Structure formats: structure tokens, C-alpha cells
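A.B. asks: Sequence:
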Amino acid sequence: MTDSLAPQFDTIAETDASSASDGADRSTVVVKIGSTLIANSDLLTPRFGFLQRLMEDIYRLRQRGHKVILCSSGAVALGLKMVGETPENAGVSDKQAAAACGMPMLLNIYKQLGHEYGMDIAQVLLTLGDFEDHRRFLNTRNTVFRLLEADVIPIINENDSITTEEIRVGDNDRLAAKVAQMVDAKDFIILTEVDGLYDRHPDEEGARLIEEVEDVSEYMEATTGKSTLGTGGMTTKLMAANMAQEAGCSTYIAHGEAERPLSSVIDGERTCTHFPPHEARTSGWERWIANRLQMAGSLGISDELADALQSGDRPIRREDIRSIDGDFQRGDVLHIYDESGTERARGLCDFTSEELRVLAVNPHLDAEQLLGYRTKGEVIRAKNLVLLEGRHLLWDAPTPSEASAA
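Per our numbering, residue -8 is the first one in the sequence shown, and the count goes up by one each step.
I should point out that these hints are in silico values taken from the structure, not numbers from a laboratory.
Note that the coordinates shown come from a computational prediction; the quantities given were computed from them, not determined experimentally.
Treat each hint with caution, since some may be false.
As the list claims (entries may be wrong) - Ranges of calculated distance between the beta carbons of each label pair, as one might list FRET restraints:
(1) W386 with Q320: 15 to 23 Å
(2) Q301 with E140: 40 to 48 Å
(3) Q114 with S331: 41 to 49 Å
(4) A271 with E359: 39 to 47 Å
(5) E250 with E202: 19 to 27 Å
Ideal Cβ placement from N, Cα and C applies to all residues, glycine included.
Working from the sequences, and respecting the hints, build out all of it.
C.D. replies: Listed below in C-alpha cells is the structure:
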């Protein structure tokens, strides 16, 4: 057997780099729409007035040369009445059943309104694995690009009727941000029930709207609370904005109730919060590694090694590992922490967690003898490692009780 999974990962990286611009023309707009805009909070019925204005404005943008992708919440909210539940009392199985009932209704509304303007739609249902597994990520991207090429509007949502906690993205804000990254979008608009990000809860006296945000980490503490219909609050919207900034995408959080809910934002005609793109854009491969939706696992390393990684050509070897957390597979992305618990990097692991624990606790024994195949013992290769340099929101390290010593 050859050296771990290196040939497979090398091929993926090269494919990603060579096709980074295929299908993307930097005119694409990704729009995320919250459940409270789609469904009446009390009646759980479609808000046709908003949906009409939305589709009319999408038509305007398309006439101006934009391609538009919708990431639409609302299926669960629209289906709750059919299964006899309320947002406050619905359990997981209730929401899954509601999603199955509500999605056809939602798609039919989009289809009928789209036909008024000569626009076709398509449904794309995704799960966590479609973003976290790189081959599935590329396949999903190709499908979306083909729909855009055919002048069809992709309407993307998480597959809520079948997903369980282990395979859920969990919120459509970050799902939409991953889509914006995937298609190299120019603009990412999050339509919600407030004008944008405030320096405190918008219901508090003296709350001030923040009109431009370069570093979202400065405002994370001010983002609490979410609606009864939605799964994400302002926290997930800031996380999504950070991910989109990394992709060189202009991001906006804006109120959905406007005559032209999208074009008025892009044209700067109304108040909202703008998150300008980061100037130095990373490659598609680096963005895929660095921007995670869930943590598969993590490694603890010394401060000296964490500093040495800054050179860009230093791999992480089995003898470098201080602690291991999580049960992961080959090809999963791990979060790398220094001794103080500060996240320093993320990288693609060449071993399973079981193999890595065997290697780490036996640093002086031959790797081939331990695993049964030849390997250099490089846990994360330098080219599969992305350093976090103040551009990303950092993830908290697992507590000492959760992480096992190597």
C-alpha cells in the first residue's frame, strides 16, 4: 500500500485549483432568506406579498446581467400546520415531517411566481457531507454551475426531512455562505427581520446600527437570540459573513421588507450592514480547508511548533502531537491548537483517529510495523495546512477532559 491517501488528496487539490474559475464570472448574487420573511409567524402561511416582490427583484437583477442563487428557509414553518404542531412545541421528527410537507408548497410558490417573469427554478437539497467531503463539494458545485449556465435559478436548502444532528449544517446562514464560497459569488445578501447588525440587542434603548464591519469578531458578544421560526440568530449570520469575506465576497445583512429587497441593497439605496471582502483572497482549496461547518477533530501541539508552522513548509508529524480529540477519518479537516488553547491552523489529516492514536503513543516504533503499510508519518502535509492569521473566527479548543493525551 502506498503512502496514506496522498495521491488522492493531491489530485483533488489540483482539480480544485485548475477549475477555480470554471463557471464563475463574479456576477453571481447569493441570497439567503429567513423563515420569518417566508411564513407568517402566527398563521404559518406563505407571505405572498414578500415573495412576489422578491421574485420581481430577482428578475430585475437578471436583466442587469446577474446570476442569482436562493438559499431559502421556510419549508419547516410552512409545513408545521399540516402536521398539527407549533414552532414552540415541535420536536425533531415533527420538524422533519413538516419540512417534507412544506418544501413542495414553497417550491410551487417559487415556480409559479418565477413563471410570471419567464424564470425557471430548480431545487438542490444538501447535507453537511456535501460541503465537508471535498469530492461531493466539487460535484455539488458542478451541478449548481450547470443550472446557472442553463439560466435556471437554483433554490438551495438543507435536506431537513432526513438530516439528523450528526449530519446537519444546522442553519441556512452558514449553508448560504458556503454556497457563496463555492460559486465565487460577488455579493451575498442575508435578508432578515432587522436592518442589520446592532451594537446590542435592537430592542434595547440606544441600540445603534453598525453600517460596516471588517472584523466580525469584535461584535460576536452582541449577537444573541433568534426567532421562533428560524434556526439561526445574528451569531450565525456573522459567522456566515466571515466565511463569505474570506471568499472575496461583499456581504450584506438587510431587512427583507422593501419594495426592491435585493437591488436596493446592491445599489446602496437603503440602510443595512455591509461586510467588505478581505483583500487577499485565498484559493478555493484553502477556503475549503479553513471554513468548516463542524469540527471533525483537533490536535494539540507545542507553541514552538505552532510558530514554526508560519514558514509554510513545515508539516505536522506524529511526534509533534500533544493531544488528540474526536473520532475522525482520513481526509477530515482537523483544528490545530497551541498550548494555550488558541487555534492556529486547520489541515487535512492523512490518518484516521484510531491510526493516529496508535502512531502518537508509539513514536519510536516503525509506522509500517504499527499500521501495516508504508508512510512517512506526516499527519498533515504542509500543502494541506492553512494558517489562521486573524482573518477567521477561531473555534474554542475542546476541554482537557474531552481531549485525550497522545
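A.B. asks: If a hint holds in the structure, say so; if it doesn't, say that too.
C.D. replies: Tested hints:
Taken as a hint, the range 15 to 23 Å holds for the pair W386 and Q320, whose Cβ atoms sit roughly 19 Å apart. For Q301 and E140, the hinted distance range of 40 to 48 Å is satisfied, since their beta carbons lie about 41 Å from each other. In this structure the supplied range 41 to 49 Å holds for Q114 paired with S331, their Cβ-Cβ distance being about 46 Å. Taking 39 to 47 Å as the suggested C-beta distance range, the pair A271 and E359 conforms, at roughly 41 Å.
With their beta carbons about 21 Å apart, E250 and E202 fall inside the hinted range of 19 to 27 Å.
Hint compliance for this structure: no hint is broken.
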